[in-house]
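Undergrad: The residues making up each chain are set out below.
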Amino acid sequence: MKKGKIICIALVLTFSVGVFAACTERTGGGTFTYEELMAKFDGEIEQNATIRVLDNQMAIETGHLQEVLDAFNERYAEYNVNAVDANMDQYVDLEQNGPDGYGPDVLYQANDMLMRYAEGGHVLPLPTEQLEIAEIPQTVMDVYKLETYGLELYYGMPVAQQSTVLTYRKDLLPENWESEWDDNENGIPDMVETMNDLYAYSSQVRQESNGDRYGLYMSLVDQYFNTGYLLSFGAYVFGDTHDDIGLNADGAEVGLNLFRDLAGALGSTCISQNATTQVATYLTNSAGTAFCTIGTPDWLTTFQENLTATYVREGMAQEEAEAAAKENLVIVAPPRLPKDGDITKELTDIEEETFAPTTMGGVNAFGISSYTKYPKASLAFVKFVSEYENLRWRSEALGAVPARTDLAEELGGVSEILSGRVSEGLIYMMPSTRDTQYIWDPLSSLFNDVATDNTTRAVPVYTTAELLKGALDKLVTDIRSAMAVGVIS
Amino acid sequence: MDAVKKKPRGQGVPYQVKLSCVFMGLGQLFCRQFTKGALLMLLEVGFIFFLVFAGVDNIIGLFTLGTTEGVPIMGIEGDNSISMLAWGITTVFLVLLFALAYYANIKDVIYTAREMAKGNRVRNFFESCQTLLNKKFYFLTLTLPLVFVCIFNIMPIVFTALVAFTNYGGEIVPPKLVSWTGFQSFRVIFTMSEYIGTMGKILAWNILWAVGSTFLVYFGGLGLALLYNSACLKFKRFWRVFPMFAYAIPSFITLTGFYFMFCDSGPIVGLLKDWGWVSESFTIISYDSKWSLRLLGFFCCAWIGVPSVMFLATGILSNVNKEMYEAARLDGANGFQQFLYLTLPFVLFATTPVIISTFINQFNNFSIFYFLRPETVYAPGYFNANSSDLLINWMYNLTVENRLYSLGSALSLILFAFMAVFSLIAYVTSPAYKKEDTYR
Amino acid sequence: MTKKIHIRPEKAVKTALVYLLVLLVSFIFAFPCVWLVLSAFNAEGDLLTLDGFFPQAYSFDTFRRLFTEITKYDYPRWFGNTLFVAAVSCVISTFLVIAVAYTISRYRFKSRKAMMKATLILGIFPNFMNMTALFVIMTQLHLINNLWGLVLLYSSGSTMGFLVQKGFFDTIPSTIYDAATLDGASDFRVFVSITLPLSKPMIVYTALTSFVWPWADFMLPSMLLIDKSSWTVAVGLNSLDDSEFSIFAAGSMFVAVPIIVLYVALSKYLIQGGSAGAVKE
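Residue numbers (our numbering), protein chains in the order written: chain A, 1 to 489; chain B, 1 to 440; chain C, 1 to 281.
These aren't lab readings, by the way, just hints derived from the structure by calculation.
In this text, all values refer to a predicted model and were calculated from it rather than measured experimentally.
It is possible that some hints are incorrect.
[What the hints assert, rightly or not] Think about it this way: if two alpha-carbon atoms lie no more than 30 Å apart in a straight line, the pair counts; the simulated DSBU-like pairs of lysine-lysine are: (1) K72(C) with K234(B); (2) K236(B) with K322(B); (3) K107(B) with K200(C); (4) K145(A) with K383(A); (5) K110(C) with K234(B); (6) K117(C) with K14(C); (7) K117(C) with K322(B); (8) K110(C) with K322(B); (9) K11(C) with K136(B); (10) K339(A) with K145(A).
[Claimed, not checked] In silico contact screen, one side only, chain A against chain C (beta carbon under 7 Å); selected entries: (11) M58; (12) E61; (13) H64; (14) Y91; (15) D100; (16) N274; (17) T277; (18) T310; (19) T433; (20) T436.
A virtual CB, placed ideally from N, CA and C, is assigned to each residue, including glycine.
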């Protein structure tokens, strides 16, 4: 029992002293000049460096990453550099694993992630004068800008742009589309041109096939794809300060209602994150389960591969199948939205009644972990992958839309569509700040809630604009509390 | 240390004891136990070295949690509050352990001195070792497990408990310095409407779940055991293979399998719709499904848990005194009466600990709803949780998904206190515990 | 039980009812397993290609992919890791648990009751409630990405479950020990030559349960294994997309089947061991 007493006293002491200890003086990091910050990149590449590179799943599965690593190792053979696949989950947390040395050295991430790390000091500011950034639009570079020690520093080397586009199967278009589904006679099928026609077509396909097939198939809970409907009708994420959250701005409820209607046409199987990956099968199987999807352009490579495989299984020769797959998978800009937000009605004048939507976008970049032992070799790798030729290689292998405008022009197709949308200001770059992490879960809950409302809920709740507005207000409240908790915790 | 004052009756404290109080092993040396004395002295010297080179810093670190913030982008390491916390706790453990060793050292020398006073021969080192092997066999077998348990079970609990009193988590993660904030996390949990509301709802559901699933699993298993025990059933061994499946398959497979079976695109929902038994909007696992998913949870829990109780009950039933039943039958008791008055009391009595442990396991059943609702979505009215989540799932969401470590830790402390009180009362009042020693 | 040659009608009804119930129960337990096995042979990968409950076309393609598409799912490696962790933890935990349980059951010493009570309280605190703490401790010990780290955790974790085995040892009458001790056998000899042979079912039970836990666990490896090459099957299979349902089913088969075979083969010991230890008369 004496031991028990001693332990008790020790614990009480621990706590009381602990509380006092909170007052002890602490020293911050101080400030540094640009030269000091960049000093670690000066000089020859380290000998025998091993750098772990974290790339996305697609680059690993297609074997592209390995080829790049091999090419890089060969070029820097004299330094005996060994770049390897980090072999970690794509979303491994640098904040948690980096300080202990278990994170990657070079990482490929979207701007919200990479800049979250930048704010926490987990990734290095890059010496932009050594990188090829002249052809990257300033709007894209800005996404990676963060003011540190009074300096404007860039924390990522932008490689690919992300936003939403619509991909459809040309061979699944109805036979009579030119007479029935091209009211404005511009040669573009209406169901991939306007949301109203897509809605009508999706409902029709689902009805005719008794729910087995889909017109549009996409995840209704993907925050990234669906926030565009709110943004198109006047919403914004953060205003001048982070206290100003504009996702419930006036008009956003119209967008939310549009989304709710759309959910009704898609059905409950789309209320799942899995729909995003599922679509790779649906859009390309022989049954033609889905006619089109809205998503990021880098899925195209996977779609093409799958469709080729399907065609081969149906008896085509390999080359013929490849050509047919390329021909039949068409990417266009996301469908135009009705100005009044009502997608259930039939349009009479497409030009007059609709507008090009705003979609959320992001920029993927390579960054270097602060915890790397080999900053010079890591920088060499970043430089290597951002060379013009290697960027083109990446775009061709993975279907990524390059951040460089000259390359985008050269590649044409999707790249041109997206670049065009960027320059027209139709892409809302997701905010590069730590606080962005707090918007995703509440947004996902909102989309889940509203999509469920028009599909599987027995008694729908969100039947009026006021109620939808209420849902948006609640979204903002939720984001606020998440931010508040993040600060006090 | 207190033991020193307890003087051997009728005489002063032997000088060896005083010496051992001053420095470990010194007394033993003067009792001519040279090897033991030297080893003990070496231990103390080692401990002093440890204190000087690391221990003191570690303890100071435990209080300050770091004073210089690191700048990773400049490669300046700074203090890592979290590892300082871990090493601080370790050092406190070591100090306590050393105090224990010191206490043992003094007790040992008192014993030896007394023996010497009686004129007995002093045991040499070899003999001491033999005593250890023989009389204190338990000391040998328990040391390694105790060390393991200290490092991997007690340390994490102390760590979690202390984290609850810091501001670790959210924005405050290394390289930022963590500080002690007293009861702030608890204050947040009990004052922020999001938390207290969510906690109330989840706690109510959690208790309902624990009671319901324990009942289901326990009586399901008992019923099944009785069924398989029926005299008229042939090939018992064969039939028992089927529940064995459920018992053997890892639960992550079972639960993911059930998720696939019952999800919106799965066969069950599809077939029910095809047969026209349910409306087109029917769903079992959806974003805000509450009772459908909860009921599915009960079903899966029974599927997984019933077989283990069944096998247990089968073993117990084979010990039942057959003559009692014969007597009861002769007295005219029917099958149901036999069950109610003979089987049930016997089995219930024999398996009280099983009921308690089932209850605890079900209360903390993390995997059921983790696998049945694989996507992290939060329902309206819940903060970072969904309507089917148990407290443990909520805690997971807070700490792993949202990295709110201090809040999660505070929550686990609350949960722990709740469970500890409950199960200790249940266990101590259980007949099995009371009768432990009367059995032999 | 009295023997009756002719069957009474009520007894026939009862028998029929029992068989009906047994059949129903067997179906409930067998069906999901059969379904999962058949899904593994589904020619197309995902759930929606099922026709009702069953695949439209069967093939061995998923198994081929499981073992050959190493860049996507390094199944052979995951399997090897799992086997290693489970086998080593099984040996260490069995040894520790038996030793601790025997000690606590056989000896009376000062902190014995306190230890049992402490075990009980600690048992309430499941390992992953301290996820963060465990992660921090494991990083300090440099045991992240290290299978031995898992082995340590499982071994120490299963030691906490010694109460079942202790219950079993309690049932061995102390008279046996007294006789042996009078003959001058040391404690260690008593343990080896008397206790161990008597407790064969318990040892089999302990070994089996301490093998199955690491074999089937998901939480600890998912937290401690960052590097994909150190993943176990549970982590690997759970990282798959929903559209890879067939791969999941196929991968699960190799995890579940060995355990089922072991359990069925050793069911006698399981029933004896589990009930002998967990209960008191």
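Undergrad: Does each hint hold? Answer for all of them.
TA: Right, here's what the structure says about each hint:
no., hint, result
1, K72(C) with K234(B), "violated, 48 Å"
2, K236(B) with K322(B), "holds, 19 Å"
3, K107(B) with K200(C), "violated, 40 Å"
4, K145(A) with K383(A), "holds, 18 Å"
5, K110(C) with K234(B), "violated, 52 Å"
6, K117(C) with K14(C), "violated, 46 Å"
7, K117(C) with K322(B), "violated, 36 Å"
8, K110(C) with K322(B), "violated, 41 Å"
9, K11(C) with K136(B), "violated, 60 Å"
10, K339(A) with K145(A), "violated, 35 Å"
11, M58, "violated, 11 Å"
12, E61, "holds, 6 Å"
13, H64, "violated, 11 Å"
14, Y91, "violated, 11 Å"
15, D100, "holds, 4 Å"
16, N274, "holds, 4 Å"
17, T277, "holds, 5 Å"
18, T310, "violated, 10 Å"
19, T433, "violated, 25 Å"
20, T436, "violated, 24 Å"
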